[in-house]
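Participant: Following my numbering from start to finish, the sequence shown increments by one per residue and tops out at 902.
Source of the hints: derived by calculation from the structure; they are not laboratory data. Hints should not be assumed to be uniformly reliable.
Think about it this way: if two alpha-carbon atoms lie no more than 27 Å apart in a straight line, the pair counts; the simulated DSSO-like pairs of lysine-lysine are [what the hints assert, rightly or not]: (1) Lys812 to Lys843; (2) Lys848 to Lys882; (3) Lys812 to Lys848; (4) Lys843 to Lys882; (5) Lys812 to Lys882.
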Amino acid sequence: MDFSLKHLDQLQRGTVVVVGMPTDENSTFMRGPALAPARIREVMDEGSSNLCSESGIDLSEEQRFRDLGDLGFTGAMDALKQIEDAVGELLDRGVYVIALGGDHAVTYAIMKAYHTKYEVLNILHLDAHPDLYDEYEGNRYSHACPFENKKFSYVLITINARMWLSMLDSR
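Produce the complete structure using the sequences and hints provided.
Facilitator: Set out below in C-alpha coordinates:
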(Lines of atoms letter the chains of each structure in order from A; the text may use other names.)
(Lines give C-alpha, C1' and ligand atoms only; values in the text may rest on other atoms or scores of the structure.)
Protein backbone atom coordinates (compact mmCIF):
# COMPACT_ATOMS: atom_id res chain seq x y z
CA MET A 732 0.00 0.00 0.00
CA ASP A 733 1.72 3.21 -1.16
CA PHE A 734 0.95 6.63 0.26
CA SER A 735 -0.46 9.05 -2.27
CA LEU A 736 -1.05 12.78 -2.00
CA LYS A 737 -3.92 12.55 -4.51
CA HIS A 738 -6.45 11.40 -1.88
CA LEU A 739 -5.61 14.07 0.68
CA ASP A 740 -8.47 16.32 -0.42
CA GLN A 741 -10.84 13.72 1.06
CA LEU A 742 -9.39 14.10 4.57
CA GLN A 743 -11.34 16.15 7.11
CA ARG A 744 -9.53 18.43 9.53
CA GLY A 745 -8.93 16.50 12.73
CA THR A 746 -8.56 13.15 10.99
CA VAL A 747 -5.93 10.84 12.45
CA VAL A 748 -3.76 9.29 9.74
CA VAL A 749 -1.27 6.45 9.87
CA VAL A 750 1.70 6.74 7.51
CA GLY A 751 4.41 4.11 7.09
CA MET A 752 7.99 5.32 6.69
CA PRO A 753 9.83 2.18 5.56
CA THR A 754 13.44 3.29 5.60
CA ASP A 755 16.54 2.07 7.38
CA GLU A 756 19.15 3.95 5.38
CA ASN A 757 20.52 5.52 8.59
CA SER A 758 20.65 2.33 10.62
CA THR A 759 24.20 1.34 11.51
CA PHE A 760 23.85 -2.11 12.99
CA MET A 761 21.44 -4.14 10.89
CA ARG A 762 18.89 -3.55 8.19
CA GLY A 763 15.30 -4.38 9.00
CA PRO A 764 13.53 -1.33 10.43
CA ALA A 765 12.21 -0.60 6.94
CA LEU A 766 10.09 -3.74 7.31
CA ALA A 767 8.42 -2.41 10.47
CA PRO A 768 5.38 -0.60 8.97
CA ALA A 769 4.26 -3.73 7.12
CA ARG A 770 4.86 -5.93 10.18
CA ILE A 771 2.95 -3.56 12.48
CA ARG A 772 -0.03 -3.61 10.11
CA GLU A 773 0.21 -7.38 9.84
CA VAL A 774 -0.11 -7.70 13.63
CA MET A 775 -2.94 -5.14 13.77
CA ASP A 776 -4.89 -7.17 11.19
CA GLU A 777 -4.05 -10.69 12.31
CA GLY A 778 -7.26 -11.37 14.21
CA SER A 779 -6.30 -11.58 17.88
CA SER A 780 -6.83 -7.84 18.29
CA ASN A 781 -9.08 -5.18 16.88
CA LEU A 782 -9.28 -1.42 16.54
CA CYS A 783 -12.11 -0.98 19.05
CA SER A 784 -11.65 1.49 21.87
CA GLU A 785 -12.92 1.18 25.43
CA SER A 786 -15.67 3.66 24.54
CA GLY A 787 -16.96 1.29 21.86
CA ILE A 788 -15.70 3.18 18.82
CA ASP A 789 -14.38 0.87 16.12
CA LEU A 790 -11.58 2.79 14.43
CA SER A 791 -11.71 0.47 11.42
CA GLU A 792 -15.15 1.96 10.67
CA GLU A 793 -14.33 5.53 11.69
CA GLN A 794 -13.88 7.93 8.75
CA ARG A 795 -11.63 10.18 10.85
CA PHE A 796 -9.05 7.39 11.22
CA ARG A 797 -7.24 6.46 8.02
CA ASP A 798 -4.22 4.39 7.08
CA LEU A 799 -2.66 6.21 4.15
CA GLY A 800 -0.13 3.47 3.44
CA ASP A 801 3.62 3.79 3.15
CA LEU A 802 5.65 6.60 1.70
CA GLY A 803 7.23 5.35 -1.51
CA PHE A 804 10.75 6.70 -1.45
CA THR A 805 12.36 7.74 -4.71
CA GLY A 806 16.01 8.16 -5.52
CA ALA A 807 15.42 11.74 -6.67
CA MET A 808 15.18 13.01 -3.09
CA ASP A 809 16.50 11.55 0.14
CA ALA A 810 14.02 9.81 2.43
CA LEU A 811 14.29 12.36 5.25
CA LYS A 812 13.31 15.22 2.93
CA GLN A 813 10.40 13.18 1.55
CA ILE A 814 9.20 12.43 5.10
CA GLU A 815 9.44 16.09 6.08
CA ASP A 816 7.49 17.17 2.98
CA ALA A 817 4.77 14.52 3.39
CA VAL A 818 4.23 15.19 7.11
CA GLY A 819 4.24 18.94 6.41
CA GLU A 820 1.55 18.49 3.75
CA LEU A 821 -0.58 16.48 6.19
CA LEU A 822 -0.17 19.03 8.97
CA ASP A 823 -1.13 21.82 6.54
CA ARG A 824 -4.40 19.95 6.01
CA GLY A 825 -5.11 19.89 9.75
CA VAL A 826 -4.71 16.15 10.32
CA TYR A 827 -2.86 14.30 13.08
CA VAL A 828 -0.04 11.99 12.03
CA ILE A 829 0.89 8.61 13.49
CA ALA A 830 4.16 7.55 11.89
CA LEU A 831 5.27 3.94 11.64
CA GLY A 832 9.07 3.85 11.23
CA GLY A 833 11.66 2.86 9.92
CA ASP A 834 14.82 3.60 11.83
CA HIS A 835 14.89 6.39 14.39
CA ALA A 836 16.26 8.87 11.85
CA VAL A 837 12.66 9.41 10.67
CA THR A 838 12.08 11.24 13.97
CA TYR A 839 14.22 14.18 12.91
CA ALA A 840 12.28 14.70 9.66
CA ILE A 841 8.95 14.44 11.51
CA MET A 842 10.11 16.92 14.16
CA LYS A 843 11.30 19.31 11.47
CA ALA A 844 7.88 19.25 9.77
CA TYR A 845 6.07 19.79 13.08
CA HIS A 846 8.36 22.65 13.99
CA THR A 847 7.13 24.65 10.99
CA LYS A 848 3.68 24.63 12.68
CA TYR A 849 4.58 24.65 16.37
CA GLU A 850 7.30 26.73 18.03
CA VAL A 851 8.05 24.25 20.83
CA LEU A 852 7.42 20.51 20.61
CA ASN A 853 6.67 18.19 23.53
CA ILE A 854 8.02 14.72 22.82
CA LEU A 855 7.55 11.52 24.79
CA HIS A 856 10.30 9.15 23.67
CA LEU A 857 9.96 5.46 24.59
CA ASP A 858 13.01 3.43 23.66
CA ALA A 859 15.69 1.09 24.93
CA HIS A 860 18.29 3.86 24.78
CA PRO A 861 18.23 7.67 24.68
CA ASP A 862 19.34 8.41 21.07
CA LEU A 863 21.18 11.56 22.16
CA TYR A 864 24.38 11.38 20.13
CA ASP A 865 25.35 14.56 18.31
CA GLU A 866 26.79 12.38 15.55
CA TYR A 867 27.28 8.64 15.24
CA GLU A 868 29.88 7.07 12.98
CA GLY A 869 30.19 10.35 11.08
CA ASN A 870 26.45 10.67 10.39
CA ARG A 871 24.52 13.52 12.07
CA TYR A 872 21.27 11.95 10.83
CA SER A 873 22.00 8.48 12.21
CA HIS A 874 19.29 6.54 14.01
CA ALA A 875 21.23 7.36 17.20
CA CYS A 876 20.93 11.15 16.75
CA PRO A 877 17.34 12.26 16.09
CA PHE A 878 17.22 14.62 19.07
CA GLU A 879 20.65 16.22 19.19
CA ASN A 880 22.08 19.29 17.47
CA LYS A 881 18.85 20.25 15.77
CA LYS A 882 17.81 23.84 15.21
CA PHE A 883 14.44 23.92 16.95
CA SER A 884 13.04 23.90 20.48
CA TYR A 885 11.53 20.89 22.17
CA VAL A 886 10.85 19.35 25.54
CA LEU A 887 12.03 15.75 25.55
CA ILE A 888 10.92 13.19 28.09
CA THR A 889 12.77 9.94 27.54
CA ILE A 890 11.81 6.65 29.15
CA ASN A 891 14.49 4.08 28.49
CA ALA A 892 13.60 0.41 28.87
CA ARG A 893 17.19 -0.59 29.60
CA MET A 894 17.43 2.06 32.32
CA TRP A 895 14.34 0.65 34.06
CA LEU A 896 15.62 -2.90 33.77
CA SER A 897 18.96 -1.94 35.32
CA MET A 898 17.15 -0.18 38.15
CA LEU A 899 15.10 -3.31 38.82
CA ASP A 900 18.24 -5.47 38.72
CA SER A 901 19.94 -3.29 41.32
CA ARG A 902 17.26 -3.92 43.95
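Participant: Are the hints correct? Go through all of them and say.
Facilitator: Hint-by-hint comparison with the structure:
1. Taking the CA atoms of Lys812 and Lys843, the gap is near 10 Å; set against the 27 Å cutoff, the hint holds.
2. Of the supplied pair hints, the one linking Lys848 and Lys882 holds, its CA atoms being roughly 14 Å apart against a limit of 27 Å.
3. This hinted pair checks out: Lys812 and Lys848 have alpha carbons roughly 17 Å apart, not beyond 27 Å.
4. For the given pair, Lys843 sits about 9 Å from Lys882 by alpha-carbon distance, which is consistent with the 27 Å threshold.
5. As the CA atoms of Lys812 and Lys882 are separated by approximately 16 Å, the hinted pair is consistent with the 27 Å bound.
Going through the hint list in order, the structure satisfies each hint without exception.
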